[in-house]
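Heads up: the sequence lines are chains D and X, in that order. All residue numbers for the first sequence refer to UniProt numbering, where the first residue is 1 and numbers rise by one. All residue numbers for the second sequence refer to UniProt numbering, where the first residue is 1 and numbers rise by one.
Take the hints with a grain of salt, since some may be wrong.
[What the hints assert, rightly or not] To spell it out: a stretch of chain D is covered by chain X in this simulated footprint if at least three of its residues, at any positions, have a beta carbon under 8 Å from a beta carbon of chain X; those stretches are:
| hint | stretch |
| --- | --- |
| 1 | 62 to 74 |
| 2 | 77 to 85 |
| 3 | 98 to 109 |
| 4 | 130 to 141 |
| 5 | 144 to 153 |
[To be verified] Calculated lysine to any residue pairs in the SDA-like style (CA-CA distance at most 25 Å, straight line):
| hint | chain 1 | residue 1 | chain 2 | residue 2 |
| --- | --- | --- | --- | --- |
| 6 | X | K46 | D | T68 |
| 7 | D | K174 | D | N230 |
| 8 | D | K174 | X | N94 |
Please keep in mind that the hints were generated in silico from the structure rather than gathered at the bench. All values reported here derive from a predicted model rather than from experimental measurement. Ideal placement from N, C-alpha and C gives every residue a C-beta, glycine not left out.
Number of protein chains: 2
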Amino acid sequence: MKKLFIIKIGGNVLDNPAALESFLKDFASIDAPRILIHGGGKIATKLGEQLGIAANYHNGRRITDAQTLDLVTMVYGGLVNKQLVAQLQQLGCNAWGVTGADGNLINAKKRPVKDIDYGFVGDIKPEGVNTKLLTTLLDQNVVPVFAPLTHADGKILNTNADTIASVLAVALGKVADVRLIFCFEKKGVLRDVADAGSVIRHLPRNLYDEYLPQGVFADGILPKLENAYNALNAGVKEVLIGEAGDLVKNTGAQTEGTLITL
Amino acid sequence: MKKLFIIKIGGNVLDNPAALESFLKDFASIDAPRILIHGGGKIATKLGEQLGIAANYHNGRRITDAQTLDLVTMVYGGLVNKQLVAQLQQLGCNAWGVTGADGNLINAKKRPVKDIDYGFVGDIKPEGVNTKLLTTLLDQNVVPVFAPLTHADGKILNTNADTIASVLAVALGKVADVRLIFCFEKKGVLRDVADAGSVIRHLPRNLYDEYLPQGVFADGILPKLENAYNALNAGVKEVLIGEAGDLVKNTGAQTEGTLITL
Numbered sequence: 001m002k003k004l005f006i007i008k009i010g011g012n013v014l015d016n017p018a019a020l021e022s023f024l025k026d027f028a029s030i031d032a033p034r035i036l037i038h039g040g041g042k043i044a045t046k047l048g049e050q051l052g053i054a055a056n057y058h059n060g061r062r063i064t065d066a067q068t069l070d071l072v073t074m075v076y077g078g079l080v081n082k083q084l085v086a087q088l089q090q091l092g093c094n095a096w097g098v099t100g101a102d103g104n105l106i107n108a109k110k111r112p113v114k115d116i117d118y119g120f121v122g123d124i125k126p127e128g129v130n131t132k133l134l135t136t137l138l139d140q141n142v143v144p145v146f147a148p149l150t151h152a153d154g155k156i157l158n159t160n161a162d163t164i165a166s167v168l169a170v171a172l173g174k175v176a177d178v179r180l181i182f183c184f185e186k187k188g189v190l191r192d193v194a195d196a197g198s199v200i201r202h203l204p205r206n207l208y209d210e211y212l213p214q215g216v217f218a219d220g221i222l223p224k225l226e227n228a229y230n231a232l233n234a235g236v237k238e239v240l241i242g243e244a245g246d247l248v249k250n251t252g253a254q255t256e257g258t259l260i261t262l
Numbered sequence: 001m002k003k004l005f006i007i008k009i010g011g012n013v014l015d016n017p018a019a020l021e022s023f024l025k026d027f028a029s030i031d032a033p034r035i036l037i038h039g040g041g042k043i044a045t046k047l048g049e050q051l052g053i054a055a056n057y058h059n060g061r062r063i064t065d066a067q068t069l070d071l072v073t074m075v076y077g078g079l080v081n082k083q084l085v086a087q088l089q090q091l092g093c094n095a096w097g098v099t100g101a102d103g104n105l106i107n108a109k110k111r112p113v114k115d116i117d118y119g120f121v122g123d124i125k126p127e128g129v130n131t132k133l134l135t136t137l138l139d140q141n142v143v144p145v146f147a148p149l150t151h152a153d154g155k156i157l158n159t160n161a162d163t164i165a166s167v168l169a170v171a172l173g174k175v176a177d178v179r180l181i182f183c184f185e186k187k188g189v190l191r192d193v194a195d196a197g198s199v200i201r202h203l204p205r206n207l208y209d210e211y212l213p214q215g216v217f218a219d220g221i222l223p224k225l226e227n228a229y230n231a232l233n234a235g236v237k238e239v240l241i242g243e244a245g246d247l248v249k250n251t252g253a254q255t256e257g258t259l260i261t262l
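Isolated chain D, as found in the complex (with noise of 0.2 Å):
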């Protein structure tokens, strides 16, 4: 099967211009088919005080009420996305900016509603994703740029990007050998938290049973690790946790960041 790089990229290169240049760069050189997704970034919040639309959480979850919706609809699915194609054209990479909406690319569910209403945020699976136009755009050499945003019922609903990550590369995970790629602020996972220096480069799940018992993991990664084993049974063939700064060689051989695998 063919190789197929799935990109998440978060707030924090989003929110640094030259950090964002560098990493569209280093996108754009990538010479095999990708995907990129994106989160939000701070402009959303900068923009939403602006407006006066009151920012509610949850448990550290934002609620999409209906003024929200406009506002991530306009700021993820317009100005970030629309900017992020711009900009990797002009590197010679035929980005095309979608949501989940766009031929039903993502089809998702409205979060039921029990002790708390979320509002307008979309739970996905694999069996939502249109993976036969996603690979009719793929095989034209077009770049697909997701926003995280889905749509269900005739609105589009905030959809978290890490999810939207996982659940392509599971659905795309069928017709390609997907190498998922999540861009976070470190090199990778580390041996020791207190040593930046000290990344594993390579975790496959017996080392993984063997470290976690020993207390290795810090509270933060576990739940990214287990997303990652979740994704691999799911038929994913190898996750990446790495920096963003890092993409090129994380999509290589010899990587700097954590390779993650069965």
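Given chain D, work out where chain X should sit, using these hints.
Leaving out everything else, chain X in the frame of chain D:
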């Protein structure tokens, strides 16, 4: 060649929720390849006022400074475009929202500064249209929905929606029998401006040439007619000017609006 409808709607439809809902139902019901191009509507102006972005005009044309560019990228490319797509998806139409930057669908040139600097405004030509990728989407029963934005040199550019519709029609006129439909506020071109019922149902070039010296055409409609004949001369099969509410009839053989042909 296959039939293709290229349909442009303006702010008068976008700003009226009932008219828009009715239009989208009609648009979704058309059983033929089609492309929608939407204008802006009042929401960009309203949001601009809330954000304190001053609107600058020269001879009725808005100057697109950097702040205004961000505003229209958010509102046209994000909010308006994605809401239209989500609504069409619910109606069973596989809509896919795009700007000219996505997939390099419409490559523009920033308007040169002469007496006036219009700012981040894109001028476009049929040669700048990526006919191949558009045809690939249409062949998958996808319905492209264009926001009035293009790109050049790493920047999104504000671009007139009528112009985008005409340029797409000319470019795709080489591979399809294009009927270019402009939805405007009247039923069609009137024989007598004082009589709303005097729609000219068919306006071939020889009839236009006969009516023109008689002063039949009001000043407002003349540039639209000139654009229509330019498009026809460049290979578009038919141009239709009519009311949004008559869309279904205007895609048929017995049109309510004015069908313009050579």
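Inset, instruction - If any of the earlier hints don't hold here, list their numbers in rising order. - result: none
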